[in-house]
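Colleague: Sequence:
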Amino acid sequence: MVVEDEPEIADLIGSYLRRDGFDVTHADDGTSALPLARQVDPDVVVLDLGLPGLDGIEVCRRLRVFSDAYVVMLTARAEEVDTLIGLSVGADDYLTKPFSPRELMARIQVMLRRPRTGTPPDAAPAAAPGATSDTGRARDLRTLGTLTVDLDGREVTVRNSPVHLTKTEFDLLAVLLRDPGVVLSRDQLINAIWGPDWVGDTHLVDVHIGHLRRKLGDSASRGTFIRTVRGVGYRTGDGQ
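Under our numbering, think of the first position of the sequence shown as 47, with each following residue one higher.
Fair warning: there could be bad hints in the mix.
As the list claims (entries may be wrong) - Calculated cross-link-like contacts (lysine to aspartate or glutamate; reagent style DMTMM-like; alpha-carbon spacing at most 20 Å):
id, residue 1, residue 2
1, K143, D247
2, K143, E52
3, K143, D284
4, K143, D225
5, K261, E149
6, K143, D75
7, K143, D51
8, K143, D243
9, K261, D284
10, K143, D101
As the list claims (entries may be wrong) - DEER-style ranges, computed between Cβ atoms:
id, residue 1, residue 2, range
11, L82, M151, 38 to 44 Å
12, D225, E149, 27 to 33 Å
13, P208, R84, 20 to 26 Å
Keep in mind that the hints were calculated from the coordinates and are not lab data.
This one's a predicted model, so the numbers in the text were calculated from it and none came from an experiment.
Don't be surprised by glycine CBs; every beta carbon is placed ideally from N, CA and C.
Hey, can you work out the whole structure from these sequences and the hints?
Modeller: Right under this line is the structure:
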């Protein structure tokens, strides 16, 4: 889905997406984008920051209420990226105009190689520990104190209550849980989640870690589930 008010840019993005086999829907303002997103349930939203009416920040915040689509935010100036990161608007990636359509497509392809989150915000509770998959195989469950993560079903609970994460938030948590206690740098996390060809501000990791902590009821000072190793990166906490 493309949300862009400049017809030339919208057409350019749409042509590259269609060339790579994507079905493309387009909205030219934020007000019409939200009901359209509910209708088509997109995998990826390419969202311009400077939309008329509702701007990209507000559209992204409202989108996150009902959608876990990947969001790539387009900005007019490089310095806007720092502001957006500080505002924690919930976008998965950022590109500054003018941008290379090939770079945009490469980032989208990296995102889509990661599996979709299995649980929308209003879905049923996560599977209980010991549950099996549809094939009868025991699910890959990881626990950390009151946190339980089903890596196969992509479901998360804290104190048996389901927690909805975006795909990027879940992927970060999964990478950390697969190597409990091991310190991973921002570059290692970028490589694991966004891929080795990603180019951008590595502090984007900090933004998603901040979102993740808030949703899990954690904080940087407590470090119950995720601990900051100053000057290095992040590792799992001890769950206490």
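Colleague: Hints first: check each against the structure and report whether it holds.
Modeller: The hints, checked one at a time:
About 15 Å separates the Cα atoms of K143 and D247, which keeps this hinted pair within 20 Å; it holds. At most 20 Å may separate the alpha-carbon atoms for a hinted pair to count; K143 and E52 meet this at roughly 12 Å. Taking the CA atoms of K143 and D284, the gap is about 42 Å. The hint is violated against a cut of 20 Å. At most 20 Å may separate the alpha-carbon atoms for a hinted pair to count; K143 and D225 exceed this at roughly 37 Å.
Between K261 and E149 the CA atoms are separated by roughly 31 Å; this puts the pair beyond 20 Å, and the hint is violated. Between K143 and D75 the CA atoms are separated by roughly 18 Å; this keeps the pair inside 20 Å, and the hint holds. Taking the CA atoms of K143 and D51, the gap is about 14 Å. The hint holds against a cut of 20 Å. Note on K143 and D243: the hinted pairing holds, with a Cα-Cα distance of about 19 Å set against a maximum of 20 Å.
At most 20 Å may separate the alpha-carbon atoms for a hinted pair to count; K261 and D284 meet this at roughly 18 Å. For the suggested pair K143 and D101, the alpha carbons sit about 16 Å apart, so the restraint of at most 20 Å is met. Distance hint check for L82 and M151: the Cβ-Cβ separation is about 22 Å, which falls outside the suggested range of 38 to 44 Å. At roughly 30 Å, the beta-carbon separation of D225 and E149 lies within the given 27 to 33 Å, and the hint holds.
Take P208 and R84: their Cβ atoms lie about 21 Å apart, and the range 20 to 26 Å holds.
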